[in-house]
Amino acid sequence: MILKVLAARIFRATIWHPDAIPAGVDRDATSAELKRYVLPYFDGVLIVMAILAIKLGMPSFDIVLNSEISSISSWTLLVASVSAAFGLIFPRFWYLEGAGKLLMLFVLGGYAAALWTLVFQGVGDRGVVACAFTALLAFPMWTLWRINRERRKQDAQDAVVAAAIAQVS
Numbered sequence: 238m239i240l241k242v243l244a245a246r247i248f249r250a251t252i253w254h255p256d257a258i259p260a261g262v263d264r265d266a267t268s269a270e271l272k273r274y275v276l277p278y279f280d281g282v283l284i285v286m287a288i289l290a291i292k293l294g295m296p297s298f299d300i301v302l303n304s305e306i307s308s309i310s311s312w313t314l315l316v317a318s319v320s321a322a323f324g325l326i327f328p329r330f331w332y333l334e335g336a337g338k339l340l341m342l343f344v345l346g347g348y349a350a351a352l353w354t355l356v357f358q359g360v361g362d363r364g365v366v367a368c369a370f371t372a373l374l375a376f377p378m379w380t381l382w383r384i385n386r387e388r389r390k391q392d393a394q395d396a397v398v399a400a401a402i403a404q405v406s
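Just add 237 to wherever you are in the sequence shown, counting from 1, and you've got my numbering.
These are calculated hints, taken from the structure and not from any lab test. Nothing here was measured: the structure is a model prediction, and the numbers come from that model. There is no bait here: all hints are sound.
Computed spacing ranges between beta-carbons, pair by pair: (1) L293 <-> A396: 45 to 55 Å; (2) V285 <-> V365: 19 to 29 Å; (3) L293 <-> G346: 17 to 27 Å; (4) L302 <-> R386: 31 to 41 Å.
Glycine residues also receive a C-beta, built at the ideal position from the N, C-alpha and C atoms.
Take the sequences, apply the hints, and build the full model.
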């Protein structure tokens, strides 16, 4: 019984609960589907990617920079991915999603830059991978834009409510 109640409370706090996306903020179907399915998948894949990077390294960072930067970047990507996933799954912790996506943007952007450096130096055939990593930057950038837009809308709604309360008082 206690587990059932606890599970219900946890579900109510997740992005998958029907009321998780407030009506006035951003409830169109496309955004809801992205938040509930695409972005958790993206964060999950990046968690796996970070674990693989910790175990196997990040070769382009190793070549362009050094293995210490590669190791730090791998662990940073893991922390960023886990915090972004947690903040996405539990919208109350939206700031963790934002911080995670920002860190993700730096690590993925740095890796894309390392790949492009190797492409322009003619070291190996990394052009396709460089394009793929550059494309990966779209999700964290869009998420940061979305979080900013949602916060501004929420702040505007809060200001209207505060003004109405002040007039009544």
